[in-house]
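Since the structure of chain A is already known, use the hints to place chain B on it.
2 protein chains.
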Amino acid sequence: MPRNAIYAQSGGVTAVINASACAIIETARKNSGQIGKVYAGRNGIVGILREDLIDTSEESSESIARLRTTPAGAFGSCRYKLKSMQESHAAYQRLIDVFAAHDVGYFFYNGGGDSADTCLKIARISEQMGYPVQAIHVPKTVDNDLPITDNSPGFGSVAKYIATSVLEASLDVASMSLTSTKVFILEVMGRHSGWIAAAGGMASSQELPIPLVILFPEIAFDRESFVKRVQDAVTCHGQVSIIVSEGIADKDGRFLTDQGRSDAFGHQQLGGVAPTIASIVMQDTGFKYHWAVADYLQRSARHIASRTDVEQAYAVGESAVLMALAGENSVMPAIVRTSSHPYAWEIGKAELEEVANIEKKLPRTFVDKSGFGITQACRDYIAPLMEGEDCPAFQNGIPHYVRLKNKSVPRKLGTDFEV
Amino acid sequence: MPRNAIYAQSGGVTAVINASACAIIETARKNSGQIGKVYAGRNGIVGILREDLIDTSEESSESIARLRTTPAGAFGSCRYKLKSMQESHAAYQRLIDVFAAHDVGYFFYNGGGDSADTCLKIARISEQMGYPVQAIHVPKTVDNDLPITDNSPGFGSVAKYIATSVLEASLDVASMSLTSTKVFILEVMGRHSGWIAAAGGMASSQELPIPLVILFPEIAFDRESFVKRVQDAVTCHGQVSIIVSEGIADKDGRFLTDQGRSDAFGHQQLGGVAPTIASIVMQDTGFKYHWAVADYLQRSARHIASRTDVEQAYAVGESAVLMALAGENSVMPAIVRTSSHPYAWEIGKAELEEVANIEKKLPRTFVDKSGFGITQACRDYIAPLMEGEDCPAFQNGIPHYVRLKNKSVPRKLGTDFEV
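Heads up: the protein sequence lines correspond to chains A and B, in order. According to the numbering used here, the stretch in the first sequence is residues 1 to 419, in order. According to the numbering used here, the stretch in the second sequence is residues 1 to 419, in order.
This is chain A alone, in the form it adopts within the complex (with noise of 0.2 Å):
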């Protein structure tokens, strides 16, 4: 008897994680002899505990199939992390239950190094209890920051509405510099590694040169420095646009801008830089400036995804099923970048004890000496993983995205699990 999956989706969504719940599901379906139904956890991980499970086979293939052009998650997710087999027994524990309740075979965890770590502590605990389950994780996050894979599926085609969004708002600055605006600001996602913000840097092109300064959370802000490139910018140019990070700190590690708040895994909670690096622009310069905060609009814009970041992560789900039907366990499907010029990749794999909780951080060679802007070979690893358009079908003039019926799998335990 082919024995059930069950896939969840873990952390902030993207563009395209539903891209690789499609693969997952599609590929499933066309290997039934082996695997069952695939369930989904409902709201990720929180959903498995609470045995709260969505049957994936309700859906027609017609809706598995719009999942690929649908953004954000479409079992929902969740920001919950398990912590250590000491601490979060209990919840580990109640995973085996449902898997084995379910009589679930795989998991298929689709997230960041939060979630990859979740995915190898399964894989462990599964095995110490004696009831096996093939752990995989899918990698998802707009942040770009998981090792070992060359680059993250999300994050190409965050990339994309990025550097598109920075080119258009600059040719609008352009327009107006004369007597209004010269300086805009953008504000981007990136707690502690810049990739984001480089992506801004792809909107300056040979063709058409916008004039930029990048704010990267890897280098420590000086207000000064920071001033004088403006002022340079606008003395040369006219205007300048302004890419901050969210998670720009000064040399002392301080946020500059910080609410206090945090979330479920105690990362603080940003937001709203954008004002306070327009304020400093305006006390320090008098320039004339506007501002903008993306915030999530970057990571759902299904509207401008890149084609190659909805082909890779189709490509991951795709391999994670396939890995698991080889009896992979405790692994993840990466990407690998087989050539450069031109861009070429396949899916490899990596150990989840490699994956889980390292930051890979925007490298320095990324940078250029002044701090401030995106060298050649930054510009030569983004540019493929922008490429190419891969549109939703429209309708009404918006795109047309799917909701699907998430019904729900009638529960087998008796208990209930506070989460």
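Because the hints were derived from the structure by calculation, they are not lab data. Among the hints, a few may not be true.
Any copy, or any two copies together, can satisfy a pair, since identical chains are not distinguished.
[Stated by the list, open to error] Below, a list of computed lysine-lysine pairs in the DSS-like style, where the Cα atoms sit at most 25 Å apart:
(1) Lys228 <-> Lys81
(2) Lys81 <-> Lys288
(3) Lys288 <-> Lys83
(4) Lys349 <-> Lys361
(5) Lys251 <-> Lys369
(6) Lys407 <-> Lys360
(7) Lys30 <-> Lys369
(8) Lys360 <-> Lys251
(9) Lys228 <-> Lys407
(10) Lys405 <-> Lys30
(11) Lys81 <-> Lys30
(12) Lys83 <-> Lys360
(13) Lys412 <-> Lys251
(14) Lys81 <-> Lys251
(15) Lys369 <-> Lys349
(16) Lys288 <-> Lys412
The following block gives chain B in isolation, referenced to the frame of chain A:
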């Protein structure tokens, strides 16, 4: 001998104002027997006053064609308002001097209500001074607040961008709301009219309903009823997306956020109402929130322009030239909705006396009883304006926009003019 034309862009630019420029230049070129060169004011009317003109005949037909898919103002725009004939007499005199020096018989002014007023004054002074210039206003404003015309080019595309962004971000929140963000706030443009805020309502459809709260500038902000609405939405649906116009004010007409600065038109410079609303949400509900400020991204987002909007922007430019050739003066091509179901439109003619300095507000019948949503009448009005896609070409992962050479026309006047 055919007389020359001057074209100028005015005020805040849009995703499709260059489509109007494209149409004017292409249509003039097709009628070279009657219209000589098309000059453009560099940075709008400021360039004309300074006799700083661009010779568009130096641009290839391929470059001009690419204007159709390039956002912002290719020749530069400005925020500069001519005052009354008495106060700004020297400026009007100067404009006529520049026209005369360059044998200009046609003036095409592409802007909103303020520029319609300027255009009208130019037509009048040219008569008074005995120098014949046909002054045609070409409508443009994301704010959609021009009268007579059914809608203004620029609005349909910003509507499509905002509706799409609200849809995408709301799917993101739906994924996360159980354990994380429940309230998403998007600040949109619109000083005095809620057209853009209303467009946010188009994110919700029968097939994929989204809980929304819209804060219109026409409706006095009342904290208590707002908070109740947010709480009710989260109770019923687990989430809510708030679309807030930058121009919302309380019952005494005080803007919620007032940076205390003014632009060159004497309008107050707004921005930053999203964090104000966020702090109200935090204080009065405790719900976790995220906020975004679209700012220039919304009006420059050519990558997701409405095809209807692009076609109408082109049509008003083309018609402006044809009206000039037909001997018209002091007029504006207006979009006339000839049928709602199915949507059909044609270009009519508006007298500038009836256009200048009149702001078309969102009709109260477009806002529902609660004051926080849009009616079916509003949906019927906006829907066709967002209809259709018109993707620009992409190169290296981002839209391939054109930057013109913008070669200067040799000056003929020996005098400078202080702007």
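So, going through the hints one by one against the coordinates:
Taking CA atoms no more than 25 Å apart as the test, lysine 228 paired with lysine 81 passes in neither setting, with 42 Å inside one copy and 32 Å between copies. With identical chains, the CA atoms of lysine 81 and lysine 288 are at most 25 Å apart between copies only, with a shortest distance of 18 Å across copies and 43 Å within one. Taking the shortest alpha-carbon separations for lysine 288 and lysine 83, only the inter-copy value of 23 Å comes in at or below 25 Å, while the best intra-copy value is 48 Å. In this homomeric assembly, lysine 349 and lysine 361 come within 25 Å of each other (Cα to Cα) only inside a single copy, at 21 Å, whereas the closest approach across copies is 59 Å.
With identical chains, the CA atoms of lysine 251 and lysine 369 are at most 25 Å apart within one copy only, with a shortest distance of 17 Å there and 53 Å across copies. For the identical chains of this complex, lysine 407 and lysine 360 are neighbours neither inside a copy (38 Å) nor across copies (47 Å), given an alpha-carbon limit of 25 Å. Taking identical chains as interchangeable, the C-alpha atoms of lysine 30 and lysine 369 are never at most 25 Å apart, the minima being 51 Å within one chain and 51 Å between chains. Proximity of lysine 360 and lysine 251 under a CA criterion of 25 Å is satisfied intra-copy only: 21 Å inside one chain copy versus 51 Å between copies.
In this assembly of identical chains, the alpha carbons of lysine 228 and lysine 407 never lie at most 25 Å apart, being 58 Å within a copy and 31 Å across copies at closest. Only within a single protomer do lysine 405 and lysine 30 lie at most 25 Å apart by alpha-carbon distance; the minimum there is 21 Å, versus 56 Å between protomers. Taking CA atoms no more than 25 Å apart as the test, lysine 81 paired with lysine 30 passes in neither setting, with 32 Å inside one copy and 66 Å between copies. Taking the shortest alpha-carbon separations for lysine 83 and lysine 360, only the intra-copy value of 22 Å comes in at or below 25 Å, while the best inter-copy value is 58 Å.
Proximity of lysine 412 and lysine 251 under a CA criterion of 25 Å is satisfied in neither setting, with 54 Å inside one chain copy and 56 Å between copies. Taking identical chains as interchangeable, the C-alpha atoms of lysine 81 and lysine 251 are never at most 25 Å apart, the minima being 30 Å within one chain and 45 Å between chains. Taking the shortest alpha-carbon separations for lysine 369 and lysine 349, neither the intra-copy value of 35 Å nor the inter-copy value of 57 Å comes in at or below 25 Å. For the identical chains of this complex, lysine 288 and lysine 412 are neighbours neither inside a copy (63 Å) nor across copies (33 Å), given an alpha-carbon limit of 25 Å.
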